[in-house]
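Protein chains in written order, with my numbering: chain B, 1 to 255; chain P, 1 to 259; chain X, 1 to 243.
I should point out that these hints are in silico values taken from the structure, not numbers from a laboratory. The beta carbon of each residue, even a glycine, is placed where N, CA and C say it ideally should be. It is possible that some hints are incorrect.
As the list claims (entries may be wrong) - Capping the alpha-carbon separation at 25 Å, the derived lysine-lysine pairs in PhoX-like fashion look like this:
#1 B:161 x X:104
#2 B:252 x X:73
#3 X:95 x B:161
#4 X:104 x X:94
#5 X:113 x B:161
#6 X:104 x X:73
#7 B:161 x X:94
What the hints assert, rightly or not - Facing chain B, according to a computed beta carbon distance under 8 Å, are these residues of chain P, among others:
#8 12
#9 92
#10 105
#11 106
#12 206
#13 210
#14 222
#15 232
#16 233
What the hints assert, rightly or not - Across the chosen pairs, the derived CB separations fall in these ranges:
#17 P:99 x B:17: 16 to 22 Å
#18 P:27 x B:53: 19 to 25 Å
#19 P:25 x B:47: 44 to 50 Å
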Amino acid sequence: MRESKLNGMFFLLALLLVWELAARAEWVNPLIVPAVSKIVGTFSELLWSGQIPLQILASLKRAAVGYALAAAVFIPLGIFMGLFDNIRRALEVTVEMLRPIPPPVVIPAAMLFFGLEDEMKIFVIFFSCAWPILLNTLDGVKNIDRVLLHTASTFGLPQRKIIWQVILPASSPQIMTGLRVSLPIVLILVVISEMVGSTDGIGYFILDAQRRFRVAQMYAGMLALAILGYVLNQLFNLAHRSLLPWHWGMTKRME
Amino acid sequence: MNEPSKFNWTGWLVFGLFLLLWECGSRASPKLQLYIPPVSQIVVALSHLIVSGQVTTHLLTTMRRFLEGYLLAAAIAVTVGVALGYFRFAHSLTEMLIEFLRPMPSVAIIPVAILLLGIGDGMIVAVTVYASTWPILVNTIDGVRHIERTLIDTGRTFGLARRRILWQIVLPAASPYIVTGLRVSLSIALILVTTAEMIAGNKGLGFFILDEERSLQSSNMYAGIILVAALGYVLNRLFVVLQEKAMKWRRGMVAREGL
Amino acid sequence: MGGETTVAIGNISCQVDAGEFVSFVGPSGCGKTTLLMSIAGLIAPTAGKILVKGRAVNGPPPNLVLVFQEFNKSLFAWRSVLGNVLFGLDARGKKVRESEGKAKALIELVGLKGFESHYPWELSGGMQQRVAIARALAYEPEVLLMDEPFGSLDALTRLELEDTLLRLWEELATTILFITHDIEEAIYLSDRIWVLSRRPSEIIEELWIDFPRPRHQVTTRAEGRFMEIRNQIYKQISNENTA
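Working from the sequences, and respecting the hints, build out all of it.
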């Protein structure tokens with residue numbers, strides 16, 4: 001394990017070194033592919049000047065609101081749809097009709113309605129993670145093992161208690177899956193919506209840098225995005241671990 | 001498990017009510033109508049666009065870009081994925097690189113692609129390939145690595161050559177994973193094509209939708225959205241049908257991957 | 001599930017006395033589980049009546065609890081061992097404060113002292129089933145139903161758990177209705193055994209087992225009568241299978 005990590009590190013460093021040399025020796029056009037050192041330098045400049053943190057903050061704010069709204073609406077809805085077959089059947093067709101819409105094409109519609117304001121991006125994000133959250137929650141509730149439900153009712157628990165003490169905790173891992181699957185989608189949609197219609201945010205920053213031909217800045221922005229993606233993923237793992245410690249331990253054990 | 005596949009009357013009724021509410025709400029408020037035209041108007045616009053052939057080139061362009069990008073990504077990702085899954089050393093070299101590149105939202109590659117390839121077909125296909133490669137690649141690697149050692153050893157005891165082990169054991173055994181990756185990438189490819197068309201294109205449904213929005217032709221814009229959704233739906237159905245044909249032995253093991 | 005209806009249970013009419021340990025033995029697929037599920041009020045019988053303490057069963061009766069074979073599915077993975085046992089007490093309506101001591105006592109009784117804060121999935125199969133039994137007993141049922149509870153455990157663990165169960169039964173004086181396809185297990189544990197036929201199942205034999213208690217894995221099983229009863233039941237069941 002350790003050895004393979006070391007291998008990977010060397011390989012990555014070697015690649016970066018080749019990149020650096022290629023740019024310096026002008027085997028590739030350094031105007032289009034600047035040296036790694038230059039990108040990193042620009043990155044740290046933009047980091048300390050506060051420009052990148054500011055843009056990331058703007059993006060994160062939108063992402064967080066849209067994501068939280070989607071969770072607040074679609075987790076309860078998914079639970080209801082899982083519990084009551086009538087509700088599920090009633091909403092099924094509408095969901096299946098809306099689901100195939102690729103989220104980016106909602107952006108123009110949202111722009112008509114909300115202009116270039118934050119609400120536009122929040123709506124797009126809300127829409128884009130609706131389906132993974134809803135469908136995973138629904139599946140989580142519907143797929144609870146019969147033995148578990150039988151156990152709960154043999155202990156004579158009333159319906160309300162069964163929902164809170166058995167159905168919710170039992171479906172929580174799959175609800176978590178829905179939230180996890182949505183995370184990269186949220187990030188993609190923030191970036192897209194900022195590229196298509198915005199005046200700030202990291203997506204806008206990257207596209208704008210390209211348009212002004214500030215190439216090193218563009219790469220620095222991408223580096224910031226990669227780090228952001230990584231950090232968010234780690235944060236999610238942390239949340240998973242502290243919210244569902246039993247499930248975290250269970251899956252770790254199975255691996 | 002096997003619910004009787006009765007026609008879902010309530011579901012369609014609710015959907016009908018939703019459309020009716022849309023229609024009436026839009027007609028009631030002229031201001032709202034600018035943003036959300038009545039459903040009937042959208043349907044008329046859609047049929048106009050189709051009959052007049054105005055969207056045909058856009059639709060075909062988007063489809064072609066999608067197919068090129070997706071198929072190319074599948075070919076590359078499965079090949080590389082099998083190799084990386086099979087050869088431990090290769091995997092140990094690239095694991096970190098993959099883990100580093102993967103969390104970056106793939107659309108961020110669009111500006112780089114514009115820089116390197118200019119605006120045009122090549123750029124759009126390239127970003128589609130890049131983005132849809134990851135899910136397939138990662139799943140294929142996982143799939144190959146999860147193959148029971150005994151399965152390959154069984155092949156060896158039968159004296160199979162490496163090539164036949166690859167075709168007759170490794171690929172089939174990893175196929176459920178590969179299919180999962182292919183399925184996730186299907187939606188991602190469509191997202192990337194339409195996004196790239198919106199950001200830098202003069203053709204394609206993504207461009208069309210954004211263009212209609214900018215000229216405030218909201219009915220046409222919604223018609224375009226319906227077309228993209230229909231395209232996504234058809235591609236998904238097609239995928240499911242092909243998958244069921246190809247993987248009869250593993251029916252009902254499809255998980256939901258979101259998107 | 002399929003649309004066809006199978007008559008799982010034919011004409012069964014039997015009565016269990018309070019404090020008894022009774023087993024149903026029968027060939028696999030004979031409807032034992034269906035019978036137990038009906039008694040537990042989890043499925044409604046199409047015809048006939050089940051009375052627990054003189055009251056007809058519709059819905060899970062309050063003084064009865066069922067222990068399933070699939071302990072890995074029936075335990076709450078998100079609750080610790082203590083939490084699982086507390087669930088039984090809570091369901092019985094016990095106050096939290098007095099519960100904890102009681103739960104700990106039960107955990108000790110099933111031999112899991114020291115594992116209170118472990119999660120079920122951290123334990124072996126045998127230990128998990130002990131948790132399930134402790135949780136069931138925490139509910140203080142008058143009747144404990146057990147559906148092949150030791151069916152998926154290895155042979156040695158099985159013997160251990162049989163003895164634990166007998167000890168608990170004697171200590172707590174509950175009625176136990178036990179389902180198994182292991183003939184010897186039934187003989188070893190029970191006061192009375194009902195042998196079931198294949199579907200639609202009916203009772204084809206009622207046997208009283210009068211080995212003295214406490215029973216012993218070596219000496220009880222070594223008695224000549226033990227083998228006689230075993231062979232008798234085995235013949236009946238295997239005749240059923242070939243008939």
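So, against the hints stated earlier in the document, which numbers end up violated here? Checked against the structure, the hints that fail are numbers 5 and 18, while the rest are satisfied.
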